[in-house]
Amino acid sequence: MESFIAEWGYIALFLYSFGGGMLALAIGGVFASTGDLNIIYVIIIASISNFIGDGFLFWLARNNKAHAKEMMKKHQRKIAYTHLLMRKYGTLVIFIQKYIYGVKTLVPLAMGLTKYDLNKFIFVNAFASIVWGIVVGTTAYILGNIFIDYLEQIKEYAFVFILAILLILFYFYKKN
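Counting in the numbering used here, the sequence shown runs from 1 upward without gaps.
Fair warning: there could be bad hints in the mix.
Said to hold, decoys possible - Below, simulated DSBU-like cross-link-like pairs (lysine-lysine); rule was C-alpha separation at most 30 angstroms, straight line:
id, residue 1, residue 2
1, K104, K115
2, K88, K120
3, K120, K74
What the hints assert, rightly or not - Computed Cβ-Cβ distance ranges for the label pairs, DEER-style:
id, residue 1, residue 2, range
4, I40, V160, 33 to 39 angstroms
5, F56, S3, 28 to 34 angstroms
6, Y101, N145, 23 to 29 angstroms
7, S3, D149, 22 to 28 angstroms
8, Y173, F56, 32 to 38 angstroms
9, F159, G90, 46 to 52 angstroms
10, Y81, S3, 39 to 45 angstroms
11, Q153, D117, 47 to 53 angstroms
Worth flagging that the hints you see were computed from the coordinates, not collected in a lab. Being a predicted model, the structure only gives us computed values, none of them experimental. In this text, a Cβ means the ideal position worked out from N, Cα and C, and glycines have one as well.
All chains, please: the whole structure from these sequences, using the hints.
Rendered as structure tokens:
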């Protein structure tokens, strides 16, 4: 298992972080706390991939507005929320969006549709991606050993835990 994680973990982290990646970064931080991955590489890879992904979305919206609008058509409520965040927080929304599930990919698209300065977006996005990588990666790394110890304690009751998760998922599935 260790060699599989060491061989494919960084690739999976890069690919997943391209479109957001908070969960992958957190998992990478936990694996780094166990020694399977290197926390410095985890943070660098996730940050670079996240930066490239957001930059690509911004570029896509800027250079192909019709396609970007078509992509966002299904997410009108999230787009409205994104525009509220942009009005309220301005450039800070580039930082904020990295931590909010559901709007991570919409903010760069929405900003690309506006007249927001490309160079400013690149600079702020680079800084935000680095901060995001350090905050999430380091937090997961620090809490990783606590998480692993907790899993060790509950492994005797894993079937109860899995059953509870399945029941919760079934409940929400039936509710919708």
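The hints, checked one at a time:
| no. | hint | verdict |
| --- | --- | --- |
| 1 | K104 - K115 | holds, 19 angstroms |
| 2 | K88 - K120 | holds, 18 angstroms |
| 3 | K120 - K74 | holds, 28 angstroms |
| 4 | I40 - V160: 33 to 39 angstroms | holds, 38 angstroms |
| 5 | F56 - S3: 28 to 34 angstroms | holds, 31 angstroms |
| 6 | Y101 - N145: 23 to 29 angstroms | holds, 26 angstroms |
| 7 | S3 - D149: 22 to 28 angstroms | holds, 24 angstroms |
| 8 | Y173 - F56: 32 to 38 angstroms | holds, 33 angstroms |
| 9 | F159 - G90: 46 to 52 angstroms | holds, 50 angstroms |
| 10 | Y81 - S3: 39 to 45 angstroms | holds, 43 angstroms |
| 11 | Q153 - D117: 47 to 53 angstroms | holds, 51 angstroms |
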